[in-house]
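Modelling step: build the complete structure from the supplied sequences, incorporating the hints.
Heads up: the sequence lines are chains R and V, in that order. When we follow my numbering, the leftmost residue of the first sequence carries the number 1, and every step to the right adds one. When we follow my numbering, the leftmost residue of the second sequence carries the number 1, and every step to the right adds one.
Quick caveat, the hints were computed from the structure, so don't treat them as lab data. These numbers come from a predicted model, not from an experiment. Even for Gly, the Cβ is constructed at its ideal location relative to N, Cα and C. Where hints are given, some of them may not hold.
If you anchor each label on the Cβ, the simulated ranges turn out as follows [unchecked claim]:
#1 LEU303(R) <-> PHE192(V): 35 to 43 Å
#2 PHE192(V) <-> ILE41(R): 40 to 48 Å
#3 THR286(R) <-> ARG195(V): 32 to 40 Å
#4 ARG195(V) <-> TRP103(R): 28 to 36 Å
#5 ALA99(V) <-> ALA76(R): 49 to 57 Å
To give an idea of the interface, some chain R residues facing chain V are shown, with a C-beta separation under 10 Å as derived from the structure [stated by the list, open to error]:
#6 ILE105
#7 PHE112
#8 SER120
#9 LEU139
#10 GLN140
#11 VAL141
#12 ALA146
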Amino acid sequence: MTNNPPGGTPLIVSSSPHMRDDDSISRIMWTVVLSLLPAGIAAIFVFGYYTLFVIGLCCFTAIVTEIVVSLLKKQAAFAMIKDGSAIVTAVLLAYTLPPGAPWYIPVVGSFFAIAVVKHSFGGLGNNIWNPALAARAFLQVAYPVAVNSDWRFFSDPGAANVLKNIARIGENGSLIDAVTRATPLAKETGAELYNFSQLLIGSVPGCIGETSAIALLAGGLYLMYKKCIKWYVPVTYLSTVFVLSIFLPPRTVTPWANNPFYHLFAGGLFLGAFFMATDMVTTPLTKKGMIIFSVGAGLLTILIRFYSGYPEGVCYSILIMNTATPLIDRFTKPRLYGSKSKK
Amino acid sequence: MSEQSNWKEFSKGLFKYNALFVLVLGICPSLAVTTSLKNGVSMGGAATFVLVSSNFIVSIIRPYVPREIRIPCFIVVIASFVTIVELMMKAYLPTEVNASLGIFIPLIVVNCIILYRAESFAYKNKPFVSILDGAGIGLGWTLSLCLVSGIREMFGAGTLFGLKLSGHYEPASIMIMAPGAFIVTGLLMGLFNWRKQRKSEKSMKVYMKND
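The following block contains the structure:
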């Protein structure tokens, strides 16, 4: 509403908010996609071109599912695709899949993530769990053989040496052809197989997007620079894991069990800390809440890695903390300005 | 009683008061035994038989049962029919079905659907209508069990009634495990609610138009 007083500047009367940011869902989402690129490129170098096919299949299924669901809900399909959230979910899901996943795993997982985890709870902004992680957990139970043990070995020249090292471990010196393993964190591992340069670059077995620590770190720092994620979430998460892995006694004693750096760089911790625990929808709103969330996730990660049957606990730890998010939000509700605190 | 209302007493159990998806009763057996279509059909059939017969008997003995002890009386009636069903199933059904239904057949005695219909319908109505009501609710529950178990068996084992559907299907074992029961039941419940919502929205629109 503009009133033009005679001889004065127009007075603009409007309701709040008065200050606007040019942030939008699509801007944030495409920034996230961009920050995920280095890890994807590293994965293609390490595991071969098949990973590109897996990522593409995830994106394709996610987009098709998104279109079908939005038609069912009678919403504009194109706008939903353009905001990029489906692509982010699809890429994140692809990054948590094994590099040799058969075609139906990305298809089923992407469909489950978009249709069941996201849209049946009300669409973007209303989902309780991170769609990519929930789909990954679903796939892990649905296709235990294909997700947990059927792994393609990586194809770069450096891998050959690692392979030789593993082969030497074969019983009484006999050579075994290849070892397929899901993660460097596997508890059956007798020795510390991978040195830190390998873990940094990513030439170790693992899910598509989780192996290359340096690429994930680059993406995460870019997100911090763009202010899409809060720096204290990954920092708290990583440091909780770091500290706890020094002090807690593991159930299965492996040479790397109490090596904090190994726990940071091996497995999916970087992917989880930078891209999953910072999801805006499924994590707490306040700073205090976010810190509680990441400490809890770090604690659960180490508990699962040390005391459960699974070698890796990032996925479940974040899912469990997602479940606790409404509770955390309730307990960390900030005091209204001007009101008295309860005590 | 007119023809119309008899049909209504029967058909309300199918969709409007569907035991599993609308009333959310009998959840425990619905989640536990729906691992295959065979189990779903047997469980539904057993419960429907007990429901119809107990509704009939409760409605007959209604004038002689004092209000204070009606629940024990219902339980005695239901328990007798459950015993009949259990012995019959042991005699005539294949062993693997009996084994997988297991404890859930004796537990029909305390199935809330059957007690609920005895208490809220058969105890207040005439025998014939009570039979119709029991048959409707029982059939509705059986159908929803078939739906849940059919979907779970199809996706979880790639079979239907034990027959292989396609040669190239990789079964998603989560569907015949416990999480699959919750996922399928929850999604179907959501579908029912969505349908109901759309119906009420439509009737609202008609109402607004007429206004």
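Here is what the structure says about each hint:
1. Range check, LEU303(R) to PHE192(V): Cβ separation about 39 Å, and the 35 to 43 Å hint holds.
2. Range check, PHE192(V) to ILE41(R): about 46 Å between beta-carbon atoms, so the 40 to 48 Å window is met.
3. The given range of 32 to 40 Å is respected by THR286(R) and ARG195(V), whose C-beta atoms sit roughly 39 Å from each other.
4. At roughly 33 Å, the beta carbons of ARG195(V) and TRP103(R) sit within the given window of 28 to 36 Å.
5. Taking the beta carbon of each, ALA99(V) and ALA76(R) are about 52 Å apart, inside 49 to 57 Å as hinted.
6. Taking 10 Å as the C-beta cut-off, the interface hint given for ILE105(R) holds, the closest approach to chain V being about 9 Å.
7. With its C-beta approaching chain V no nearer than about 9 Å, PHE112(R) sits inside the 10 Å limit, and its interface hint holds.
8. For SER120(R), the suggested interface contact is upheld, since its CB lies about 6 Å from the closest CB of chain V, less than 10 Å.
9. A distance limit of 10 Å between C-beta atoms decides the matter here; for LEU139(R) the minimum to chain V is near 8 Å, and the interface restraint holds.
10. The interface hint given for GLN140(R) is met, as the beta carbon of that residue sits about 9 Å from the closest beta carbon of chain V, less than 10 Å.
11. Given the 10 Å rule on beta carbons, the hint for VAL141(R) holds: about 4 Å separates it from the nearest Cβ of chain V.
12. Given hint, ALA146(R) at the interface with chain V, holds; its Cβ is 7 Å from that chain's nearest Cβ, closer than 10 Å.
Going down the numbered hints, you'll see the structure goes against none, and every one checks out.
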